[in-house]
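Asker: Sequence:
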Amino acid sequence: GSAQYPFPGGVFQWARYRINGTGLNETEKIFSESLNKHENTLTLATLRIFSNGLGQPHFHFNANEMGYVISGCGKVGVVASDVTANFNIAIGDVIFFPVGSQHYIKSVCDEDLLLILAYSTGNQLETLRMNDYFHKTADHILAQLFFKEQQEFQKIPQASK
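Residue numbers (our numbering): 1 to 161.
Okay, the calculated beta carbon distance ranges per label pair:
id : residue 1 : residue 2 : range
1  : 149       : 2         : 36 to 46 angstroms
2  : 40        : 137       : 29 to 39 angstroms
3  : 152       : 92        : 35 to 45 angstroms
Here are the simulated lysine-lysine pairs, BS3-like style, with alpha carbons at most 30 angstroms apart:
id : residue 1 : residue 2
4  : 155       : 106
5  : 75        : 106
6  : 75        : 136
7  : 136       : 148
8  : 106       : 148
9  : 155       : 136
10 : 136       : 106
11 : 75        : 155
FYI, nobody ran anything at the bench for these hints, they're computed from the structure.
The beta carbon of each residue, even a glycine, is placed where N, CA and C say it ideally should be.
Take the sequences, apply the hints, and build the full model.
Answerer: Set out below in structure tokens:
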């Protein structure tokens, strides 16, 4: 099967294009290049969020995200330009996040939440996760943006690699 890409709270499996194909097996390289050569392709993934795990807030610069719930149940939050919404999801539900909308998915069941995801791009998916934003922005800039003391942002834990 596809390689697994764990994150705190779950695991992804991808069918996607990568600009740098390092680490992809031969089949993944062929598929990656094929995605990028054709118009109107989708990047696909399975997303497993462990019981009570969180797919942290993030947004995609270059793709809409669509998902179908295969098993489990969860809670979704989305912040778009003119709306903020939170709602529950269960088996058979379809979700959609427009490009640029911040969103998260959380498992709220005793079982894992499993989704099939599709992204509207054959290019490399460009994503900004909120933990990356906070860890890659200087403390003094965050303090100015959020009107807080610089020391408050030094308390944010670093994810283990």
